[in-house]
Structures are given as structure tokens and as C-alpha cells.
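Visitor: What follows is the residue order along each chain.
Protein chains: 2
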Amino acid sequence: MRDFSADHRWLSLNTATIRKSRGADLPLTDILEACARKGIRAVSPWRDQVAAAGLANVSKLVRQHGLELSGYCRGGMFPAVDAAGVRAARDDNRRAVDEAKELNATCLVLVVGALPGALQGKATHKDIALARNQVQDGIAELLEYARQAKMPLAIEPLHPMYAADRACINTMEQALDVCDALDPGKSGALGVAVDVYHVWWDPKLQQQIERAGRERLLAFHVCDWLTPTTDLLNDRGMMGDGVIDIPRIRGWVEAQGFAGYSEVEIFSTGNWWQRDAEETLDTCIARHRSSV
Amino acid sequence: MRDFSADHRWLSLNTATIRKSRGADLPLTDILEACARKGIRAVSPWRDQVAAAGLANVSKLVRQHGLELSGYCRGGMFPAVDAAGVRAARDDNRRAVDEAKELNATCLVLVVGALPGALQGKATHKDIALARNQVQDGIAELLEYARQAKMPLAIEPLHPMYAADRACINTMEQALDVCDALDPGKSGALGVAVDVYHVWWDPKLQQQIERAGRERLLAFHVCDWLTPTTDLLNDRGMMGDGVIDIPRIRGWVEAQGFAGYSEVEIFSTGNWWQRDAEETLDTCIARHRSSV
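Each protein sequence line maps, in turn, to chains A and B.
Under the UniProt record's numbering, the letters of the first sequence match residues 1 to 292, in that order.
Under the UniProt record's numbering, the letters of the second sequence match residues 1 to 292, in that order.
Mixed in with the good hints there might be a few duds.
Stated by the list, open to error - Counterexamples of contact, computed for chain B against chain A with all Cβ distances above 10 Å:
id: 1; residue: N104
id: 2; residue: M161
id: 3; residue: T283
Unchecked claim - Listed next, the in silico DSSO-like pairs over lysine-lysine satisfying Cα-Cα at most 27 Å (straight line):
id: 4; chain 1: A; residue 1: K204; chain 2: B; residue 2: K101
id: 5; chain 1: A; residue 1: K150; chain 2: A; residue 2: K101
id: 6; chain 1: B; residue 1: K38; chain 2: B; residue 2: K122
id: 7; chain 1: B; residue 1: K150; chain 2: A; residue 2: K204
id: 8; chain 1: A; residue 1: K204; chain 2: B; residue 2: K38
id: 9; chain 1: A; residue 1: K186; chain 2: B; residue 2: K204
id: 10; chain 1: A; residue 1: K204; chain 2: B; residue 2: K122
id: 11; chain 1: B; residue 1: K38; chain 2: A; residue 2: K126
id: 12; chain 1: A; residue 1: K122; chain 2: B; residue 2: K204
id: 13; chain 1: B; residue 1: K150; chain 2: B; residue 2: K60
Claimed, not checked - Just a sample of chain B residues kept apart from chain A, beta carbon distances all over 12 Å, derived:
id: 14; residue: A6
id: 15; residue: P27
id: 16; residue: R63
id: 17; residue: D82
id: 18; residue: L115
id: 19; residue: A118
id: 20; residue: R132
id: 21; residue: L182
id: 22; residue: K204
id: 23; residue: T227
id: 24; residue: F267
Simulated from the structure, these hints should not be mistaken for laboratory data.
From the three backbone atoms N, C-alpha and C, an ideal C-beta is built for every residue, glycine too.
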């Protein structure tokens, strides 16, 4: 297991972590500049931030600053109510692959979607098994496109509290079952993003990380689970402020040969997004050394 | 599968559902009287409510009204920081068994506990594997006592969003692994409480309900998962208002031979606890017929 205590060379910043500074939106260009200034070597930007700043512009800045992309957020959202919706998701996901390629990302992270309409507050049906089948079909189709682009797809199992509206793949075991079905040869084209926030509770976590192995461990995300947690989406904690034994999980992941970045991804309306981005970044760096 | 559409003979009321009426505490004695008046044949009361009303008094009223107890809420909370804490939990759980016996409950429901201190906002450690071992040890010890009292223990797997502070048993598979370890003969002394709110998302739910079988399916709880859910604890929905396909899950449970009550358990600070208990009860009855 790598020693993170002396520097932050393996820290990546998911750009959502400082998408707001003192409550105001911080442009992606500023975020990239701040990372470069702090000696952060990798980022994982969101598509809406990239679109707002312009893909070509972001691509240029990433190269200028010498930044790597530990991932690109995000593709997915496969289930739809009709054929037109399925096609729209397919086309949008292909564009996400293209953008990830342009930015030379390590992988495209997939938040796979769930019950159509649920994220807008009104699910069109309650058949989660159907949604799961649609997700697998959608990944299967996208995988062909992504293979040609040589862009690995990382299925991110989301915490079960998001099963209705964001992702109906909710455990490592379930994600790896999809990987086994679609890429039995473990080619590296399909794998998982392990986010400790989503999977820390799972009694089968160590076993499934071992099952994943090096070929399928494409990304490692960190933050912390606060007690109490006051919001289902935007109350993630800074590493060290919650109950997740992050070093233990990182140890399991690295025991399989994972040697990539540890990506900090914190959504925090009430706390970190209210602070100055400078302070948040400094804290991420300090906690990366002490608590990851 | 039983037809619930014509009456509510298989409805049980978990008394938390109307523990508040128009925002004010409703005494258990009033709740029992209201249930009897509405033709509700079973309840599942909470220990604090019973303590406030007096055990002997509640026992008398339950008999007078001819009410059954589909369960008794609740034992558990096994993990502790030291031997004194373990002993205190043991003693308290034995009292819970005694009370359940006095009230002739079908089972004592176990919310098993998790990281000590987390529920108070400050976990004393982050070792969830240790907590899980302590839970299994605690259940093993309590089981001996409960067997003598002939009081079945129902492990309630709680949603993974409660893994830190309320229960570190979070899936049916995990609960049944404990049952297999402690009661391999499926004596009926140890089983599970299936609450759709906690387990609806689980891709292995049907498989694990089949694994449980009749001997281990001791209770069935219903409410609904709202989108969005605005509070991790107290924003449960009325059956039919959310995304859970309750009849499908009830079908799986009943296919194993479960023929007990469907217990309505809704914690709802912002909605149902603000309404008049009469309205909440009437809605429970209507939705039991239409959406369970």
C-alpha cells in the first residue's frame, strides 16, 4: 500500500468538490488553474462544467497545466420510457465517450440511471428489475462504441439510497455481475469505480474488490460518511470527518494492484461549498495525507 | 397471494405511524383505542411508548381490545465500547424479551446497532467488521434467553444508509448468514423482519426471501420510498406514494408461506405526523387495500 503521508502526488480532484466557492459557482477554468497551482496532478471534471467552459478550451488548459484525468463525469442514465429516450441516451453517451477521449481521461464513469422520471420527482413505473435490464442493454451497446474509442467504461455502484432516481446498480457484486456478462475476458474495457461513500457499508466489499481484480478497478473515489447525514445528496464529509475507514478500503484496492489516483469527490451544500475554494483544496490535500 | 382489496384484516399498525397527531404526541392508550375502533386487529408498539403508558396497563388494554402484536419494537443495539456496555445491552434486551412475552408478541424485532456513539454524532471507532462481530455475539447470547421464553427474535436488516448509526446488518443475505450461523436447524427461534423500505432496492431480494423460507420470515413491514426523500429517518411515504412495488415483494414473501400481518410503519415528521391520526389511519386502511 502506497504511503500518502509525505505528499499528494496521488490526489485527484473531482471538480464538483470546489464547483462552488463561498456559495458562488466557480468556473472550471479557475478550478483547473487552482489545482495546477496547488500541485494537484489530476482532476475529474463534470460534463456540464466542461460544456460551460468549452471542450476545446478545457482540453487546451488540461494540457497546458499538465493535468491528467482520473475519470470523466459522467455517462449513464440509460433507462428511458420509450425508444426515442433510449436513442437519446445512447447518442448522449457516445458524445460523453468522445469528450472523454478528447480530454484523454482514464475512464468514463457511468452513473447508470434508474426509474425514468424519479429524479424529476415522478417515476413512470416501479419496475426496478426492468430498469436494471435496460441498464445492462445500454452498457452493452455503449461498450462497443467505447472499445473502438479505447475509452474504458467504469460502472459506479451508487449507494442504495439512490436506487430509485440515480443508479439501480447499487453494489459491487451487482456491477461485477454486469462486467462478467458483458466482458467475460476482463479486457479492461469495462470495470468499476469504487467510491467509498457508496460502498463502505457493504459486508461483501473486500470480497468483491478481490473479485474485481486489477483489470476492473478503474477508479477510486474518496470522501466520508457523516453522522448525522442531513441530506441524501449534498452532505458528504471531508475525509477524516466521518466513519469510513478509508485506508482499510484503499488497502484492499491497492492489494489488487490498483496504482491510480485517489479522487476526492465531495458534494456539500452546507459546509464545503460555503467555504473558500482555497481552504477546501488545502484541506483536501492535508486530509489526503492524514486520512486516506 | 392473499387478496387485501376487500378488507383490512391483515393490517397491523406500527404505533410509530401515529405517535404524533397534528404534531403532538399521541399516547399509546389512545392509539390502541383508535385501532380497535377502526377494526385494526394488530399493532406493533414501541418500548418507549409502552413504558410511558405502563406495561401492565398496555397489556390489559391489548387484551381488552383483542389486539395481537405483529411484533414488538425493539431490541438490539448490541455493540458497545466496553464490557459494562455489553452487559447493559444484554440486560436491556432481556427485559425487552420479557415485555414482548407479557404482551404476547409474535416476535421481538432487533435493530442491531452499529458503531458505538455514532447515533449521538460521534462514533468511537470506524471498525464496522468489529461491530458486526459484536452484533452476532450479542444475538447469540440473547437467543438462549429468548428460546427459553419462547420469544422469536426477528433481525431487521436496515437500509445501508443506517449502517453507521442504527444497524450494521444491512441486507437480507447478511441477516440470513447470521441466522444460519446461530440457528442452523431453522427452529423458528431466529428469523428476519422484512421491511420493504429497507430492502426494496436489493437486487438479491427475491432470492434471499426464498432462502429465508417460511421458518425465518417473521414479520413484514410496509411503507414507501419517496422521490425525493428529504430526511434519512423521518420522511417515509404512505404505501402507494412512492416507488416500491409492494405487492410484488409481498407476493415473494407469501409464496414462502408467510401468512401474518402486513405492518404499516411510517415515520413522517413533515407530513403524516402533522395530520390528524384519524386521517392517517383511514389512509393506511385505504392504501392497505389498494397498494399493498
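Visitor: Among all the numbered hints in the text so far, which are the ones the structure does not match?
Guide: 2, 4, 6, 7, 8, 11, 18, 19, 20, 22, 23
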